[in-house]
Amino acid sequence: MAKKEYAFYPGCSSQLKGSASNYLTSVNTMCHKLDVKMTPIPDWNCCGASISYAGGGELARHVMNARNFALSEQHLPGQDVVATCAACWLGAKETKEKLDASSQLMAEANEALKEAGLQYKGGTAVRHMVEVLIEDLGYAELGRHVVKPLEGVKFAGYVGCQTNRPFGIAGESFENPMYLDKLVETVGGEALTKYEQKVTCCGGALAFSEPDKSQKQIRDIVESAYDAGADMIVTPCPLCQANVEVYQSEINRKQGTKFDMPVTYYSQLMAVAYGATPKQAGLDGHIIKPKKLQEIAVKVVPAKKS
Amino acid sequence: MGAPNELNLTALAKYSNDFLREVEERVDEGEWVKMCMQCGVCAGSCPFGPDWEHSPQKIFMMIRAGKRQEVLTSESMWMCTSCYNCVVRCPRQLPITQIMHGLASYANRLGLAPKMQPTRQWSLQFWDNCTRTGRVNELKLTLGLYFKDGLMAGIRKAWEMRNIGLGLLMAKRLNPFELLKGHECKDKAGIHRMLKKAQEIEDRRRGFSK
Amino acid sequence: MKSAAYVCGGCGLGERLDTAQLAKIAEKEGKMELVREHPFLCSAEGVAAIRKDIETEGVTHLALAACSRRAKTEAFRFDGAALARANLREGVIWVRPDTDEARETTQEMAADYVRMACAEVKKMKLPAGSAQTGHNKRILVVGGGISGLTAAREARETGYEVVLVEKQAELGGWAAKLWKRMPEREPYAEPVDTGVDKLVEALRADPGVKIYTGATLAATGGAPGRFSASIALESGPAVTEEVGAIVQATGFSLYDARRLTEFSYGASPDIVDQAELEALARKANGGPITRPSDGKEVKRVAFVQCAGQRDDSGKHLPYCSGYCCGTSIKQAMYFKDANAAVDTVVIYTDLRVPGQAEDFYRSAQKKGVTFTKGKVSSVTPDGKVHFRDLILDEDVVLEADLVVLATGQVANSGVDIDNPEALDANGAKPVSILNLGYRQGKDLPKLRHGFADSHFICFPYETRRTGIYAAGPVRRPMDIAQAKEDATGAVLKAIQAAENAELGRAAHPRSGDLSYPIVRLDGCTQCKRCTVECPFGAIDEDEKTYPVFNESRCRRCGTCMGACPVRVISFENYSIDTVGAQIKAVDVPDEFSEKPRILVLACENDAYPALDMAGMQRAHYSAFVRVVPVRCLGSVNTIWITDALNSGYDGVMLMGCKHGDEYQCHFVKGSELATYRMSKIDDTLKQLALEVERVTTLEVAITDIERLPKLINDYADIIQNKIGLSPMKGFA
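Chains D, X and A, in that order, are what the protein sequence lines are. Count the first sequence with our numbering and you get residues 7 to 312, in order. Count the second sequence with our numbering and you get residues 20 to 229, in order. Count the third sequence with our numbering and you get residues 953 to 1684, in order.
Be aware that a few hints might be false.
As the list claims (entries may be wrong) - Simulated crosslink set (PhoX-like; lysine-lysine; CA at most 20 Å straight-line):
{"no.": "1", "chain 1": "D", "residue 1": "K120", "chain 2": "X", "residue 2": "K205"}
{"no.": "2", "chain 1": "D", "residue 1": "K219", "chain 2": "X", "residue 2": "K176"}
{"no.": "3", "chain 1": "D", "residue 1": "K120", "chain 2": "X", "residue 2": "K134"}
{"no.": "4", "chain 1": "X", "residue 1": "K159", "chain 2": "X", "residue 2": "K191"}
{"no.": "5", "chain 1": "A", "residue 1": "K1235", "chain 2": "A", "residue 2": "K1288"}
Said to hold, decoys possible - Residues from chain X that keep clear of chain A, each with C-beta distances beyond 12 Å, as calculated:
{"no.": "6", "residue": "E48"}
{"no.": "7", "residue": "P195"}
{"no.": "8", "residue": "L198"}
{"no.": "9", "residue": "C204"}
Just so you know, these hints were derived from the structure itself, not from any lab. Just so you know, even glycine gets a beta-carbon here, dropped at the ideal spot from N, CA and C.
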């Protein structure tokens, strides 16, 4: 019996060979080390992300989320739904709050769900992975499993938008959330708390449709990390990770910069700190290699008696 | 499908409540538009702010001034990246992100949104893609985006992004076999029925259909 | 008289100073008959020792060399003995460094203060109190609108009788003409009943309130405790009422919208002001409001805010009246509540909704009232409103069935006593309201924009006429909620004035002061300076043009004493001599000692407390200043300057409160008068071959804790290093 059990909602990018497959790998490793059991919701579907509003009406998008809740209630009763993707978490949480608050909307959603033979009773909690880490486990517990503190590595904690606004993690400030810095420090890294672009938008979904505008944002995000003295950027959102990592070559090409800043997930940091191999931590899933993490990951240290 | 034609053509009296009421009935969170106090914090907080032809503050005022055509044909609300910065700072707590998406969606529904608006096309493609099987087929989605302006444009774009594509492929974050078959839900049929029903219910409630 | 001096050694005084030497000075130079030292004078034991001396030794005059007169006032309270305090703690040891080099000058400073206190107390007499006390405690309320009615009710609930005089035939003022008013309680969402009818009914039924309607004041005279009001009635002969204090709550008139020619008021019946809108609403009685021109229901109404207000051009009112945005919001709700389909547009420059009215504004938005920021340039008689939408940055022509102009409040404050021929903001010649028989004029002095002067920064409701309090829009623009609160405060002050008058005491700011100006009429030259310069018009004239002092109208500032060129005015415990003796008691070293003497005359309201607080912060200033507290700079008689300069003082600093339109001077005019008087002595100084820097007047605030030591040190620097010591030393 694992210490904690959750209904896992990975989201479309965190699938095998998906654009955030390395996130998935590192989350699985991290949870294994923390004795947290994450069971994927059977037949979970896409949430629609923040971009589907032109194609899908309001109720249609709510129903996509409600289907996941209904499946979770059915197959994993009593467990919180935990999302690793920021957009999935935000959209699902919004749906949950809207449906819980309006009996009319809830009735309409269930009327639609009936067509798929499902029913959403209400009350399922929707959490983000970092909420679970911070609130259910706590920093002290997270620190207990560290066998390879990430000493000497400077991290710019790029929280971004959607884990931060509008809901926020663990009651932290919208303008200057500290949870990512605290996670970095918990695993022994050096958190650059004064990183100026901590909550700047990377462009999100519009990185695809408005690349120039988005890349202007990404440039500021990366440049600021360099200014703060960062060795790498760490982030909790799969779209941010992809946008900020993948477009650096484009920005270099078009704007003459020489960016080469690795962008990693908090779960990768934790996996490495907990003693995972580079593969287990998904470190092989990068275009810009996080060398400093790889070096720590291949170090051999005596096993810690826990 | 589509609103009564009179609304599309009538020149609405200035500053009358007609367009405001239409927005309240038809647009997500539209009932909040009248609560804006014109402070401008949203306009100042937006990351793509300078790229909006009319800032969110102005859009709200334009709705109250009855400028139906200008608002619905505007590209402005398509600039929203869903960063929610405006939402957390608005002193009246307007859900601005949702209203902007709602206006965009409504404008699209009426056929008034600019056809070549890239985010509009992207949004439609995304929904189409994820509802087809219940999960996003990332490769098809990306290629669909590249090729939306035609074959030549698509090839050029794909070639431009080849290094990135290759990098992702090596990082095992891109699956070429998705062209054939990507991740899918088992109960595709159920999902399709469910979405159809949801749209029916909402259309009826909003007055798009009887 | 038996005099005694007490030197305290507590709070570090014993360690920093040679208290034995100070005691010796009190004995030999101060010529005090009894001198005692005590290690802890404010202790129960120390105070008991003083009391014992008063009882058994017959001590009548005490000089305490200890802490500031502002400290330990309860412990050192000796009714029946005159008291002077040498400020050795806040004024000496706390503002000087505790070093060996400083010890000598610190001791000299302390020694001088001991001399000064001994000299001062000998010139003091215990105030006997005035025989002129009035005993009437009735309150006259002038004005029967919501402010006056509230003042009357609050006076009754506190147990005082009221005489209410109202010019109109009906009570209720503007409030009685409204359909509804803005809410004053949670949830602040809907217009509510004004409540005026109930209030009027209650007062009419109350035997303790005498109501005169259709009435004005033909003449008012007297003083707090003994005012006499002659009331002219439309319905019969005049009536005289005796009262103890007066509340003037005469409210406002609406700015005449006909002066707004650009808004076509008067050219169309469908362009109205807010008062007319209320009348239309009353007529509609909850149903849809109709147009005056054709009786059709209004479909689109536009509200033009700041109509003839906040105007920089000088043509209209320059200020904001505060209540008009809330009123337009309320009136827009009248339309929406009767028919939600009516378009209501409020065109504002800035939306100002004081108090809890932000919720009311939100409620209006919920009902669909449209607000837009715009500058209206004109309204044509056919109801077209031309404005520039400042959010959308474009010129707009809005067509409306009805246009409502939000015009402003013009105070009904009577005649401008400084300029009796001046017209009011509506271009009308004001009629006197109080018809005071005072030498200085018939009505309350005004300050800005025609509103009655009420001491904004320190004491609202306090006008420049003791015993007469201004309440409501007559003193500043305000709405009903603020007016009710204002009236409550003003009538409480009126009650306080009447009660104090009976005891012969000043009410404010010198609370409890029993002294009053005593004039030696045989020396008076009838120059009228005291009469004209008294900030409170407390002095009238008799047939022979001698000044007539009305003690209960006096605030004991001493401006009259400062004004009198022949020095015949003084107070029993504060006189030309009490200060003059202090100045002359200081030991002024010769010009070779390089130890200047700088006299600081510090007003007791701001400057002296600031100096004390600088001491509490241990901020250091020059060892060469000698501070004499004065009641107000207005009380500074130029003889003190003369005496100081003749005695060889090297500089004189006068420190008083800020004056001007934003004045803080607690006695309104004192600081200003001192500055004016001092500006006249430059010529005299030049004639004496003295530099003009030797006398300087400064405006200070009670918060200038850091600034004052710096000013003093800078001035000492000028004396020592720029102009040098006074050449008058040794000539005394």
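For each hint, the structure was consulted:
Taken as a hint, the D:K120 and X:K205 pair is honoured in the structure, with Cα atoms around 17 Å apart against an allowance of 20 Å. The straight-line distance between the Cα atoms of D:K219 and X:K176 is roughly 17 Å, inside the 20 Å bound, and the hint therefore holds. Restraint check for D:K120 and X:K134: not satisfied, since their Cα atoms lie roughly 35 Å apart, outside the 20 Å limit. Restraint check: the Cα-Cα separation between X:K159 and X:K191 comes to about 16 Å, which is no more than 20 Å; the hinted pair holds.
About 16 Å separates the Cα atoms of A:K1235 and A:K1288, which keeps this hinted pair within 20 Å; it holds. The non-interface label for X:E48 is consistent with chain A: the shortest C-beta to C-beta separation is roughly 14 Å, beyond 12 Å. Interface exclusion of X:P195 from chain A stands, the closest Cβ pair being 51 Å apart, more than 12 Å. For X:L198, the condition that its CB be more than 12 Å from all CB atoms of chain A holds, with the nearest at approximately 49 Å.
Interface exclusion of X:C204 from chain A stands, the closest Cβ pair being 43 Å apart, more than 12 Å.
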